[in-house]
Amino acid sequence: MSSQQANEGQPGSDGEALGEQADRRQSRRGRLRNLGVAAAIAAVVVVVLVVVSQQGGEEPAQRSGGGGLVGVAETRTTFAGIPQDGTTLGDPEAPMVLTEFIDLQCFSCRQAAIQVLPGVIETYVRTGRLRLELRTLTFIGPDSVRAAKAAHAAATRDLMWNFTELWFLNQGEEGSGYATNPFIRAIAQGAGVNPQLVFDGIKSPALQVPLREAERQAQAARVQGTPTFLLGRRPGPASPS
Amino acid sequence: MTDRRLRLALLGVTAAGVAVAGYLTWVHYAGVGLLCAGGGGGCGRVQGSSYATLAGVPVAVIGLGGYLAILCSLLLRGEPARLATAALALVGAAFSAYLTYLELFVIEAICQWCVASAILMVCAAALACWRVLIDPHEHGGFTGTGQDRLDARSSPQA
Chain A
2 MSSQQANEGQ PGSDGEALGE QADRRQSRRG RLRNLGVAAA IAAVVVVVLV VVSQQGGEEP
62 AQRSGGGGLV GVAETRTTFA GIPQDGTTLG DPEAPMVLTE FIDLQCFSCR QAAIQVLPGV
122 IETYVRTGRL RLELRTLTFI GPDSVRAAKA AHAAATRDLM WNFTELWFLN QGEEGSGYAT
182 NPFIRAIAQG AGVNPQLVFD GIKSPALQVP LREAERQAQA ARVQGTPTFL LGRRPGPASP
242 S
Chain B
128 MTDRRLRLAL LGVTAAGVAV AGYLTWVHYA GVGLLCAGGG GGCGRVQGSS YATLAGVPVA
188 VIGLGGYLAI LCSLLLRGEP ARLATAALAL VGAAFSAYLT YLELFVIEAI CQWCVASAIL
248 MVCAAALACW RVLIDPHEHG GFTGTGQDRL DARSSPQA
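Each protein sequence line maps, in turn, to chains A and B.
In terms of this note's numbering, the first sequence has 193 at position 192, counting the first letter as 1, and numbering is strictly consecutive.
In terms of this note's numbering, the second sequence has 222 at position 95, counting the first letter as 1, and numbering is strictly consecutive.
Since no wrong hints were added, every one of them can be taken at face value.
Among chain B residues calculated to face chain A with C-beta under 7 Å, some are:
(1) 174
(2) 179
(3) 180
(4) 214
(5) 221
(6) 225
(7) 259
(8) 260
No wet-lab data here; the hints were simulated from the structure.
Because the structure is a prediction, the values reported are computed rather than measured.
Here a beta-carbon is modelled for each residue, glycine too, at the ideal position from N, C-alpha and C.
If we strip away everything but chain A, and leave its shape as in the complex, we get (with noise of 0.2 Å):
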């Protein structure tokens, strides 16, 4: 082809060009709206899942207002910033450890957590030169068991701690059969824990396997009756206190 004939094809070939940034912004146009429309029923979704979200949770410290329950904001102070896990309470490197033996439905339990444990949590656990270890035991009645599986349900989301604090805080007379669906409901939501992880919990047969392994325990340390605290060195406890 002669330059000659090149240029005489320039008009047409400037118009298709034209004609092609037009088609092309045409179409980014029609993809920009397209991604406009698709953010929009992604906007629309995610509100329906925050709301049913919202419904569906519930900010602990407001139950203790308007559900019943005491000692919600009380339980968050106390543990507040302190490491657990599991059945732990506390840094994992501290010196010594007391090993707590006790059955969610004994009242003198309930002594001691309301009115010794805060201090000791406070002036020995939080400046690390102890760790607690919690061991429950379950003879007190069958709803000893659904309390002592509740616990460790919460115990894998590290808020075993908070758990029987809050249920000390609220508990029944022994054998009264309190320990009814909403209330472990309640406790389990006041301490910052999924209710459904708990029943599920409590109706598992792998949870049965802590609670034989506390028992063990405090048949080798010859646990008489709850609450016996056993206080040692790092890694075990010593001797009965």
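Assemble chain B onto chain A, guided by the hints.
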């Protein structure tokens, strides 16, 4: 950046998301503790909160479903498939942002796995939107017609 590269990057990000959400789902049903670096109980606190389920369904399961849906959309071709990927990823990113807000201001604890999933979902959303915006004819994408590459390579008449 070609459509193919964006798709591959999305596949990688989504696969990582499936792994994270899959692990959280397994932890929920196995009843074992979460592996959480640094201690403090943040992971447990977040996973154990009431916000960890949505209408009785664990959020981890919802996240896993979301990542799998994105993965499926990546296996399809065409503009509708790219839009579906973008819409799913945008839902995931926005909901992850809401969950992160809950962690910071409501639950007041951070779950490292949740943060990882949120970052992955935001990356997926960015990649998916980019993929929608690029011109597949110019950037080697497939629109499903089979004529695309021939048209893109056609030269002007002499």
